[in-house]
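K.L.:
Protein chains in written order, with my numbering: chain A, 1 to 186; chain B, 1 to 165.
Any given hint could be a false lead.
[To be verified] Residues from chain A that keep clear of chain B, each with C-beta distances beyond 12 Å, as calculated:
1) T83
2) A107
3) V116
4) N117
5) E121
6) T151
[As the list claims (entries may be wrong)] Over 10 Å on every C-beta distance to chain A, these chain B residues come out as not near it, computed from the model:
7) T28
8) S116
9) I120
10) I127
[Said to hold, decoys possible] What the simulated footprint calls covered on chain A by chain B, stretch by stretch (three residues with Cβ under 8 Å from a Cβ of chain B suffice, anywhere in the stretch; the number is not a length):
11) 37-44
12) 167-174
None of these hints come from the bench; they were simulated from the model. Computed from a prediction, not measured in an experiment: that's the story for all the values here. Glycine included, C-beta positions come from ideal geometry on N, C-alpha and C.
Single-letter residue listing:
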Amino acid sequence: MKRFKFSKKLIFLLLTLGVLCQGYGQTIQFSLHVSSTLDATNENDMAFETILSGSGLAEINLGDAGMGVFGITGDNDLDVIVTMTAPANLAHDGASMDVIPFTLKFAYANKGVNDVNQAIEVAGTSARFQIRQRESGPAGAPPTPPSAFHTPSQSTAYIYIYGSMNVGSIDAGSYSGNVDLSVIYD
Amino acid sequence: MKLFNFTLLLLTLLINSGFAQKQQTEATTRVEAVVIEYLEMITLADIDVGTIIPSQDILRLNPRTDSGAGIIKVQGRPNSKVQVSFSSQIEMVNVATSSTLTVTYRVSGNKDNDQSVSDILTTNPEIIKLNDIGEYYLWIGCEFSMANLVSGQYDGDFVIDVDYN
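Bound-form chain B, shown alone:
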């Protein structure tokens, strides 16, 4: 009788192992998204130094007070901090004679489009904060020596970079 019971148990185990084994498997995939932040600059006005009078020793275009200052509007995420860096000094080249002209730039900024209360950017790069509609205004002034200046057209690029901080 013990032998018979053992056989029944054996059969039960075999039956279970045969029928109850359900195959199961798993796999995983990754979902990815890359988010970038909108940030751009719009040139509202180029630098206009006006008519240069030869008798001047140095030409100064104050970014806070001169109407000829260049104007750039920065647009991005509201209230975000942005790092601004710019060329503080560049060599401009006379297109006819290849003589150079060293120009030093100064930049002031304001969250509103009001040049008169803008603040001079004292460090380079400098961190600014966009206003609640995502805007910030920059005024670009410059300064260069008139001594030994060869008349003609001078070309050069003033570069300004902005990036989220």
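Bound-form chain A, shown alone:
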């Protein structure tokens, strides 16, 4: 019986110490985690020049004044996946049911400055890139996770949206549509 009692106490003591030690250490390690921030802003709407009804194809090319611009601010070292959702048609802002078929293109610049000359065109509606492209050379060490003792430096990458529309014989007026940008850390 004594041995049995001793064993129960010992087991309980060991469990308690183990639990306390393990729990204390793990709790400290993870409770200090600070999530990285990620922000997207609309810097400029996309606007075509005034156009005559029935005039056909109209384009805004990369670098043209009518481009739309998004800014994405996040950790320099992290990759993001950006996804564009664009309407197939621009709709009349008034009562007309006429529409303008619309095709979206986009490009990104991830060297820390809003410079369309550095933009890389994207095929499709989604792209993955580093918030700030690292300098040429071998890849560095994995980024240090954010914590109470380390706040990663951040930059802004820029998304340029442009494209074309086909203006048929339609009612005069203002036509518009929304392009949605979704950004997530990869």
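Fit chain B to the supplied structure of chain A, relying on the hints for placement.
P.N.:
Using the frame of chain A, we list chain B on its own:
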């Protein structure tokens, strides 16, 4: 043992909250286009009243029958409706004496370039319809009194406006 299980659960929750939290954000931009419709007028012939005979009391230039009627071609979207408004009466001024001459205008129209079957525009403004190639023709006639008319050159503007209806 219950305490140990609780600790494992706690660790699991902490680990999940730390690693599984992916930051995501969204933004929206607007794409805009302004469409205008092509619509213009081309003067094909000015009004020509010809030689005025002093013995006439009133000079009438019939827009449907007189060859001196002014001609304007309206061009725009095929088969579209257009509102036409015009100066029905204006004061013309003698450039030398500043005496005035009241001129009344009459306008007829046709979707084809055929004056003889054109219709007098009875309301002002009036809605017309462009033909299937986007054209419509207007003939401008006028009428004014010759009584007490001072000889000389008279200037004045006949204004006609068109807009999509």
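K.L.:
Next step is simple, just say for each hint if it's right about the structure.
P.N.:
Status of each hint after checking the structure:
Interface exclusion of T83 of chain A from chain B breaks down, the closest Cβ pair being 10 Å apart, not more than 12 Å. No beta-carbon of chain B is positioned within 12 Å of the beta-carbon of A107 of chain A; the least distance is around 14 Å. The beta carbon of V116 of chain A is kept farther than 12 Å from every beta carbon of chain B, the shortest such distance being approximately 16 Å. At the 12 Å boundary, the C-beta of N117 of chain A stays outside the reach of chain B, the nearest C-beta of that chain being 21 Å off.
At roughly 18 Å, the least C-beta separation between E121 of chain A and chain B is larger than 12 Å, which holds for a residue marked as non-interface. Non-interface call for T151 of chain A relative to chain B: holds, since the shortest CB-CB distance, roughly 14 Å, exceeds 12 Å. The beta carbon of T28 of chain B sits about 5 Å from the closest Cβ of chain A, which is not more than 10 Å, so the claim that it is off the interface is violated. For S116 of chain B, the non-interface assignment is confirmed: its Cβ lies about 32 Å from the closest Cβ of chain A, beyond the 10 Å cut-off.
At roughly 29 Å, the least C-beta separation between I120 of chain B and chain A is larger than 10 Å, which holds for a residue marked as non-interface. The Cβ of I127 of chain B lies farther than 10 Å from every Cβ of chain A, with a closest approach of about 17 Å, so its non-interface assignment holds. Only residues whose C-beta sits within less than 8 Å of a C-beta in chain B count toward coverage, and the region 37-44 of chain A has 7 of them, enough to reach three; the restraint holds. Coverage of a stretch by a chain is defined here by at least three residues with a beta carbon nearer than 8 Å to that chain's beta carbons; for the region 167-174 of chain A and chain B the count is 7, and the condition holds.
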